Amino acid sequence: MSNYLYILWIPLLPLATFVVLGLFGRKYFAKSAGIISTASLLTSTILSFVAAKQYFFVDEKVNGIYQKIIALKYTWLQFSPNVSIDMGVIVDPISVMMLIVVTSVSLMVHVFSLGYMKGEERFATYYAFLSLFTFSMLGLILSVNIFQVYMFWELVGASSFLLIGYYFNKPSAVAASKKAFIVTRFADLGFLIGIMIMGFYGGTLDIGLLIQKLTSVQSPEFLSMTSTSFLGASMLTWGLTLIFMGGAGKSAMFPLHIWLPDAMEGPTPVSALIHAATMVVAGVYLVARLFPIFSMDEAALTIVTYVGAFSALLAAIIACTQTDIKRVLAYSTMSQIGYMMFALGISKNGGEAGLGYMASMFHLFTHAFFKSLLFLGAGAVIHMVHSNEMKDMGGLRKLMPITHAAFLIACLAIAGIPPFAGFFSKEEILTAAFHENKLIYGVALFTAALTSFYMFRLYFNIFWSKEAPAKAHSAGHDHAHNDAHDHGEGSWTMKLPLIILAACAVGVGFIPFSQFITSDGAALETHIDMIFSIAPVSLSIIAILLSASFYKNQNTKSDKAVALFGGFYRAAYKKFYVDELYLFITKKIVFPLIGQPIAWADRNIVDGFVLLIANTTAKISTAIKGLQSGKVQNYALYFFGGVIALSVLFIYIWK
Amino acid sequence: MNEIPLTHILFLSTALFFIGMYGLFTRRNLITMLMSIELMLNSVNINFVAFNKYLFPDKLDGLFFSLFIITIAAAEAAVAIAIIINLYRSHQSIDVDDATEMKF
Chain A
5 MSNYLYILWI
15 PLLPLATFVV
25 LGLFGRKYFA
35 KSAGIISTAS
45 LLTSTILSFV
55 AAKQYFFVDE
65 KVNGIYQKII
75 ALKYTWLQFS
85 PNVSIDMGVI
95 VDPISVMMLI
105 VVTSVSLMVH
115 VFSLGYMKGE
125 ERFATYYAFL
135 SLFTFSMLGL
145 ILSVNIFQVY
155 MFWELVGASS
165 FLLIGYYFNK
175 PSAVAASKKA
185 FIVTRFADLG
195 FLIGIMIMGF
205 YGGTLDIGLL
215 IQKLTSVQSP
225 EFLSMTSTSF
235 LGASMLTWGL
245 TLIFMGGAGK
255 SAMFPLHIWL
265 PDAMEGPTPV
275 SALIHAATMV
285 VAGVYLVARL
295 FPIFSMDEAA
305 LTIVTYVGAF
315 SALLAAIIAC
325 TQTDIKRVLA
335 YSTMSQIGYM
345 MFALGISKNG
355 GEAGLGYMAS
365 MFHLFTHAFF
375 KSLLFLGAGA
385 VIHMVHSNEM
395 KDMGGLRKLM
405 PITHAAFLIA
415 CLAIAGIPPF
425 AGFFSKEEIL
435 TAAFHENKLI
445 YGVALFTAAL
455 TSFYMFRLYF
465 NIFWSKEAPA
475 KAHSAGHDHA
485 HNDAHDHGEG
495 SWTMKLPLII
505 LAACAVGVGF
515 IPFSQFITSD
525 GAALETHIDM
535 IFSIAPVSLS
545 IIAILLSASF
555 YKNQNTKSDK
565 AVALFGGFYR
575 AAYKKFYVDE
585 LYLFITKKIV
595 FPLIGQPIAW
605 ADRNIVDGFV
615 LLIANTTAKI
625 STAIKGLQSG
635 KVQNYALYFF
645 GGVIALSVLF
655 IYIWK
Chain B
1227 MNEIPLTHIL
1237 FLSTALFFIG
1247 MYGLFTRRNL
1257 ITMLMSIELM
1267 LNSVNINFVA
1277 FNKYLFPDKL
1287 DGLFFSLFII
1297 TIAAAEAAVA
1307 IAIIINLYRS
1317 HQSIDVDDAT
1327 EMKF
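Top line first, the protein sequences correspond to chains A and B.
Heads up: the first sequence runs through residues 5 to 659, numbered per this note's numbering.
Heads up: the second sequence runs through residues 1227 to 1330, numbered per this note's numbering.
What the hints contain is simulated information worked out from the structure, not anything from laboratory work.
These numbers come from a predicted model, not from an experiment.
Hints are supplied without guarantee of correctness; some may be wrong.
Claimed, not checked - In silico lysine to aspartate or glutamate, EDC-like type, Cα no more than 20 Å apart, as pairs:
#1 K635/A - D1323/B
#2 K635/A - D1287/B
#3 K635/A - D1284/B
#4 K182/A - D192/A
Given only the sequences and the hints, what does the whole structure look like? Please build it.
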């Protein structure tokens, strides 16, 4: 067994960057922060690739199975001989895959931000936050202990909060960061309770040990957990569902998805990193990490499946109606994560039936690349147009050819058109769904078609539709053409990540993923069935053509379609009133019925008690302060009075 | 020989003590107040000596106590006069009614 201790450096380097830039960045590294941060992350990325190469290719599999290796484990807090909070590094197929995803997407975002965030006042702070996020995410991936997961989970949430609220003088950004924080915190409450249930019944917080204990049907832990029931569900179901609730909050699954679209208030590269490729898949990763336990409980998996499928469909419908390009992408992210979730939900642990698990991880992997590409492309567009709204764009294909090409590739990838990356992973998911659950398969197929439709709606609206609006934009300038050109594509730091990610979006689908990452670590033979692919691919192509006829040139077809759907369109445009419903619940029910009585009790009872003590003291002291007259002879008189009183006491009363 | 009874001496010391106490409370001049304190101390001395003589003639504790009190009274007078001098420097007066800043 070779030594994997160097993996520790992968998260520690960004942490060091965060500390240095966070403390001294604004003063000493105001300009060089980006370079420092990027260089440190580049080292991490290289280390990740080294680790992946070593893990997948150099180290021998044992009996054809990739082993879980605990590279480092340090007991941090010991509660009892069995229960402790450990800090550690786990090396197994999914953690190594996630290392690659997080470091490389993060690196691309770092490079992109060099151009995108140039000239920002808090440039160093931005990079400090990015590094903090990268550190937290890497720590989460490498966690050996479920409580370690939780701690990094919160750190990820905190850095996401910081980055969404990066433009803290913009009220909408502040509101969005608050919303994201509160919604995910609410979900994390469930996660924490879930951890406690698992820890209490499983008798340990160590993930490996927990899996070992709770996957054998005879073990006392498993028996006690399944035999104890609460409100009609076993403790195992409760624990897993609550943990999934945490995951659903972070991964923006219905009904906890409302924060994700608002989170787009943050800088676009941040959206690409956190709210598209890495943090939002943490929920999927969490379920995958505990998948052996999930697979023991049918009920919890069913919840995962239906929540995932419903979120995928709902988000896809909403995405078709939004006009803010980042919001379209946000809903698209939610939809794709829904895909990953239900793929996990329909999967079994091990063997051929574990196809869903493998497909989910594969989709996570490919999605990270093409979705971050889409966001970075959108970032480049926003950088040029200075607007998020579709109506301000159009005809940009000639002004920004590289962005255009990259965006097109990403759209094709997400639409699942062969041979782009999304095709392969989506195909695996659809195959798994087809074998396990026909209803889910139908939903997935419909969602796939919707995905193609709204992605190309976005694409045509940005790059086609109208003709070159930038000329009007810079008409007054002498160097109108040069201006538009120079500004249009941005610097090479913005183009390079687009090109690299576009190459990934084309290429990563060809990785024989099932050889490396499966639910039980053994290689799985998969094949793309051409006959089977006909349905989804042709549906996607039809959707794209429909989208092209609607949006490629300005016409009234889309308005007619809107009129056709009428009320349904308006409901989708308003995001099915989920936000309004929550507002109603909080403002009309929670605040008056719970919040205000508690506030009343706080003001009148708690404060009242404290005020009573203070007022009593003040009154007594006003009454007796006259005794301190400042006259020596008065004091002497009191003294003699006291002595006489004591004498009387001792002589006549206490004898 | 007719001994003076103890009560006479106790009457004297009590009278001396309350004279001193009266002086302490009524006089406003610090020096006079100091003198009143000395009167009270000396009444205590008389008590000690008298009790020693009449109740425990074979012991010397009462005498030693009164010696200590005389010593301490001397030290106390030194300190008190120093305080009075300082008070005079800051207030141009040794009247206690003029030094009433230390109040609520």
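Structure-based check of each hint:
| no. | hint | in the structure |
| --- | --- | --- |
| 1 | K635/A - D1323/B | holds (7 Å) |
| 2 | K635/A - D1287/B | violated (37 Å) |
| 3 | K635/A - D1284/B | violated (46 Å) |
| 4 | K182/A - D192/A | holds (15 Å) |
Checked against the numbered hints above, the structure breaks hints 2, 3 and satisfies the rest.
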